Amino acid sequence: MTGILKIAYKLLVNDRGKFAALLVGITFAVFLIVQLTSVFSGILTKASATIINVGARIWVMDPAVNNPLNSIQVPDYLLDQVRSIKGVKYAVPLYSGVALVKLNNGTYQPSTILGLDDASLVGRPELIEGNIDDIFADNGFVVVKDSEYPKLASPKIGTTFEINDHRAVIVGIAKVPSSTLFGIPTLYTTFTRAIQYIPSTRFTIAYILVEPKSEQDIAYIKEEVAKAGYLALTDQEFQRRISDYYKYQTGIGTNILIMTLTSFLVGLSICGQTFYTFVLENLAKFGALKAIGAKSYELIAMILFQTLFTGLTGYGLGVGLSSLLIAFAKQRVPNYAADITYFNLGLAFVLVLIISGVSSFIAVRKVIRVEPFDIFRG
Amino acid sequence: MPDAAVQAIDLVKWFGEEDIRTFAVRDVSFEAYYGEMLYITGPSGSGKTTLLSMISGILRPNSGTVIVEGKDIWKMDSNQLADFRLHTVGFVFQDYHLFPKLTTLENVALPLILKRQDWDESMEAAMQYLEVVGLQDRASLTPLKLSGGEQQRVAVARAIVSSPDLLIFDEPTASLDGATGRNIISFIRANILNEKRCIIIVSHDARIFEFADRNIKMEDGRVVEIVNGGAE
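From first to last, the protein sequence lines stand for chains A and B.
Sequential numbering of the first sequence, starting at 0, is according to numbering that gives the first Met the number 0.
Sequential numbering of the second sequence, starting at 0, is according to numbering that gives the first Met the number 0.
Since the hints were derived computationally from the structure, they do not count as laboratory data.
Be aware that one or more of the hints could be misleading.
With a cut-off of at most 16 Å between alpha-carbon atoms, the simulated EDC-like pairs for lysine to aspartate or glutamate come out as follows [as the list claims (entries may be wrong)]: (1) K5/A to E120/B; (2) K294/A to D76/B; (3) K5/A to D119/B; (4) K5/A to E297/A; (5) K5/A to D117/B; (6) K216/B to D204/B; (7) K294/A to D82/B.
As the structure is a computational prediction, the values presented were derived from the model and not from experiment.
Input sequences plus hints: build the corresponding full structure.
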């Protein structure tokens, strides 16, 4: 069979014009599919940045919350109530809000302020400069050095600025696993300072961060929180909720889906049509092969091999091109949201297989139906 | 009398159904022998190509029998028929049907590759047959770079590369000028035909009839005459 496949390979690649058209079609489709789905993955990861960066196991919140930025403050008594649930190892408050930071040059920069529990600093980021204890010093803030960091004029330790007419001092520079979606810098401070500096509503706790004693306690904790009229989610559940929100309630997911399907259809139509033309041009030759003694399954194997070879080569080129572009874009645009995940690659692979399969099917039908007698008749 | 390579017995073939049924071949019987170059001639629409297709295992007759090397080929299933064509029959088509994107050598080697022979061995054997037809120096060229006569010889090399006992030529000189056509047939007669091989040629080119051992003349799907040809 290898000899027959070698012939199929030569028939394909020696027809340079058609082979190039097929490759361009598949590569372009894969490039767009990977690009679009990677951007969407990047958006979803960045949308969940707070959950990833804080790293709490269970988040207690108002049931209407579906996006960490739009938190709804919960009453202070809920913290005590949660702490009293059997199976809770500890529970701490988290402040989350947006404030306008006045820089030394007089400009204002909106920033996310996260207020950590004063006693434990649960959810604190990893410092790359400074000492975490300094967060308790007067006006102490820790700045996250991510893609948004330059928007605060790349502050150093000791840099001061104003938040709501309060003096703030950078006492530490931190790094986090993921930067946020909305392109604003992040500052950490204590919970107490956060509610002092930023005008607050009646209730001040955005989330209650809970650590269960064991994984088995999670279900019971969720049940008890629900009885109080609130929602407790594990970190994965919260990320999924955010992801679902962006997928189904913002239109982003639908648009990405439509564009991905369009890319798929473009790839399918280019490849299907080009491969069909390729087979049509060689139809008499395939008929001659049949007359000589080639069996139908051998011709099918040739066509499947040709479409698979084209599909896989185009897939490799498309993924490579997409990766290069994303790597290049991330270097040039630091907050560029695109993550190539195994799911994206798998999805593109499946779609390429479908493109190859449909193209083969059209071609195979044609080749199977060709009668060697037609070759004699001319 | 030499052994019969092909026996066609009462072959009938029609196309269409019921009222619009058209008979292409009616009750045709003949024998073709080893060492013989047999011509099937007649005007267009006389059933030559249909007859050729039935005796080479390509087109199933509506009735009648074709026995090649003692076997009734129309009792075979489709895979057996494909094997029969691959191992027993060599085809030279009117339009040659060479793959334009393969080299001449690869085109000639195709039947061997279909027989699952090793690639290098197939190419080696194909080169030997290109030498037989005098085109060894054209091995690496694609068919499009060859003249019509050269393409015809490549098609002949492809037909004989797997040493078939039965060679089928469909209008082999239709696309060639008179001199080239005569040269090709003369070459086939001298170099390809032997006592273990039977060659059947469908043609209406009267210029090459002198090379035939016998000539079956057809009209309206019937054999009207079998005459001895001009070959010595």
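- Would you mind confirming whether the straight-line C-alpha gap from K5/A to E120/B stays at or under 16 Å? 14 Å, holds
- Message: Tell me if the straight-line CA distance from K294/A to D82/B falls inside 16 Å.
- Response: 8 Å, holds
- Below or equal to 16 Å on CA atoms is what counts here, so check K5/A against D119/B. 12 Å, holds
- Message: What's the verdict on K5/A and E297/A, does the C-alpha distance respect the 16 Å limit or exceed it?
- Response: OK: K5/A and E297/A at ~12 Å, within 16 Å.
- Message: Checking one constraint from the list: CA of K216/B to CA of D204/B, max 16 Å. Satisfied?
- Response: Cα-Cα ~13 Å, so holds.
- Does the structure keep K294/A and D76/B at a Cα separation of 16 Å or less? 12 Å, holds
- When you check the alpha-carbon spacing of K5/A and D117/B, does it fall within 16 Å? It holds: about 11 Å lies between the C-alpha atoms, which stays within 16 Å.
The structure is consistent with each of the numbered hints, conforming to all of them.
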